[in-house]
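Engineer: The lines below spell out each chain.
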Amino acid sequence: MSEPAKISIRGLRKSFGTKVVLDGVDLDVAPRTAMVVIGGSGSGKSVLLKCILGLIPPDGGQILIDGEDVLTAPTSRARALRDQIGMLFQNGALFDSESVWENVTFGLLARGLIRRSRARARAVEVLAQVGLGETVADLFPSELSGGMQKRVALARAIAAEPAIMLFDEPTTGLDPIMGAVIDGLIVDCVKRLGSTSIAITHDMASAGRIGDRIAMLFDGRIVWEGEAAEVRASGNPLVDQFINGRREGPIKMALRR
Amino acid sequence: MIRLLDPVAALGRVTLTLVSVLGELGLFTASAIVGLLRPPFYPRNFSRAFAEIGFFSLPVVAMTAIFTGMVLALQTYTGFSRFAAQSAIPSVVVLSLTRELGPVLAGLMVAGRAGSAMAAEIGTMRVTDQIDALSTLATDPIRYLVTPRLLAGVIALPLLVLVADILGVAGGFLVATSRFGFSAADYLHNTQQYLHTADVTSGLIKSAVFGFTIALMGCFFGYRSRGGAQGVGSATTSAVVAASILILALDYLLTQAFFTA
Numbered sequence: 000m001s002e003p004a005k006i007s008i009r010g011l012r013k014s015f016g017t018k019v020v021l022d023g024v025d026l027d028v029a030p031r032t033a034m035v036v037i038g039g040s041g042s043g044k045s046v047l048l049k050c051i052l053g054l055i056p057p058d059g060g061q062i063l064i065d066g067e068d069v070l071t072a073p074t075s076r077a078r079a080l081r082d083q084i085g086m087l088f089q090n091g092a093l094f095d096s097e098s099v100w101e102n103v104t105f106g107l108l109a110r111g112l113i114r115r116s117r118a119r120a121r122a123v124e125v126l127a128q129v130g131l132g133e134t135v136a137d138l139f140p141s142e143l144s145g146g147m148q149k150r151v152a153l154a155r156a157i158a159a160e161p162a163i164m165l166f167d168e169p170t171t172g173l174d175p176i177m178g179a180v181i182d183g184l185i186v187d188c189v190k191r192l193g194s195t196s197i198a199i200t201h202d203m204a205s206a207g208r209i210g211d212r213i214a215m216l217f218d219g220r221i222v223w224e225g226e227a228a229e230v231r232a233s234g235n236p237l238v239d240q241f242i243n244g245r246r247e248g249p250i251k252m253a254l255r256r
Numbered sequence: 000m001i002r003l004l005d006p007v008a009a010l011g012r013v014t015l016t017l018v019s020v021l022g023e024l025g026l027f028t029a030s031a032i033v034g035l036l037r038p039p040f041y042p043r044n045f046s047r048a049f050a051e052i053g054f055f056s057l058p059v060v061a062m063t064a065i066f067t068g069m070v071l072a073l074q075t076y077t078g079f080s081r082f083a084a085q086s087a088i089p090s091v092v093v094l095s096l097t098r099e100l101g102p103v104l105a106g107l108m109v110a111g112r113a114g115s116a117m118a119a120e121i122g123t124m125r126v127t128d129q130i131d132a133l134s135t136l137a138t139d140p141i142r143y144l145v146t147p148r149l150l151a152g153v154i155a156l157p158l159l160v161l162v163a164d165i166l167g168v169a170g171g172f173l174v175a176t177s178r179f180g181f182s183a184a185d186y187l188h189n190t191q192q193y194l195h196t197a198d199v200t201s202g203l204i205k206s207a208v209f210g211f212t213i214a215l216m217g218c219f220f221g222y223r224s225r226g227g228a229q230g231v232g233s234a235t236t237s238a239v240v241a242a243s244i245l246i247l248a249l250d251y252l253l254t255q256a257f258f259t260a
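Residue numbers (numbering that gives the first Met the number 0), protein chains in the order written: chain A, 0 to 256; chain B, 0 to 260.
Rather than coming from a laboratory, the hints here were simulated on the basis of the structure.
Fair warning: there could be bad hints in the mix.
[Stated by the list, open to error] Covered stretches of chain B, going by a simulated chain A footprint (3 or more residues, C-beta under 8 Å): (1) 123-131; (2) 135-146.
[Unchecked claim] Distance windows between CB atoms, simulated: (3) A/E142 <-> B/R178: 48 to 54 Å; (4) B/P6 <-> A/R245: 45 to 51 Å; (5) B/I244 <-> A/E133: 49 to 55 Å.
The structure presented is a predicted model; accordingly, all values stated were derived computationally and were not measured.
The beta-carbon is built from N, C-alpha and C at its ideal position, and this holds for glycine as well.
Modelling step: build the complete structure from the supplied sequences, incorporating the hints.
Structural biologist: And the structure:
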């Protein structure tokens, strides 16, 4: 008998005005599985992550974490369920006014998991896990390159050793080598922590590196889901067109003239 | 027929938007005030905001106060000499400054300097997902960003106004004694004689209200900014314009409450 899903999304719907973004998304992610959601720009991938995080209230559906619906759970319980989540934002979203070590330990300090006097040392330990030395700890985000900012953001996401990790376009804005480095760090961190992860991306090289399974979001629904190794032989014309980047096919890009 | 109703529809849309924004502002303010009463508190953020609003605004407020006091003495002399009432200069300067010009001008200066900075900083945090990041790190963004700034505004502006009152009077004193031959002792005696505690406290209460207003407008418009650099720019403009207009409107209401009730 297979393990129950760590994250289970059922019939998730979200519209902005008349624009339907999520139109009944169903997705199960098994424990310790790395799920990658692919889809075109504006397909609702980021909205899906923001609904899971509670940043955007969905119009309907369920988001189950460990079998409990975070949308209907009492506030304190929903917060406890979401406290299991670590998030890597697309552009890092590091706090400009805080030093690197303060950024990395921000969540630990906010939850009272660590004393401030211990925080810098803990940050240095976590920074080492993403390949950054102690000298970086006292710098501010504006003093770092894009790749280093992404590493610091990853360090912040893993600092509390979350059971669930969400990644929003982890390689956006990075050169291919740095993208591969960040993907490698993500895989290492997720495996080491035994986390369940959902990454969204439209970078197929990145999806292949970090995903155990891949799901494709199109028109507000999951239109295909399977093993990452099977994606090239999915037999789904939408997936085929997307992963091969073909202009012709069932996906028609909305162009404004 | 449909075209005839267009203005009505437009009016309806504007009204709905206004009601929605006011409701949003009410909830935003309530959340920030609740943050004053219940932990967690963020003393480091308060200190930063206090330094930004109070300490770093000191030069601009001081310059404004000194020159306002000097100009006031000049203008009063020019006007009052027509009625041989030059001796009223000290009382006019001190009452104008403590009751009105100190709080209002300091408020407008701080709105332009610190209110715009708050809107730009929080707006940038919004459009770069930093506010969302706060939420994912077990931190209520309103308590973390807004509450300390509101408290800093309420405390810092009266202190600034107190300094502005003193420097403004000093400016008037300088002009009156150096240009119009007032004796220093007489000037200070007249100033003291006509100044009542209520003149100063009413100005300080006004400035506390203005400090709250400036911080609230800066944070509110910054918090709801959207759409990148342009959104942050327009949030900053809106924050300064709204704070300035509210300062002038509240000044009228508070003056009426203090001095005509």
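Engineer: Run every hint past the structure and note whether it holds.
Structural biologist: Against the structure, the hints come out as follows:
1. 123-131: This one holds; 6 residues, not fewer than the three required, reach chain A with a Cβ under 8 Å.
2. 135-146: holds (count 4)
3. A/E142 <-> B/R178: 48 to 54 Å: The hint (48 to 54 Å, Cβ to Cβ) holds, given that A/E142 and B/R178 are roughly 53 Å apart.
4. B/P6 <-> A/R245: 45 to 51 Å: holds, 50 Å
5. B/I244 <-> A/E133: 49 to 55 Å: Distance hint for B/I244, A/E133 holds at roughly 51 Å.
In summary, the structure agrees with every hint in the numbered list given earlier.
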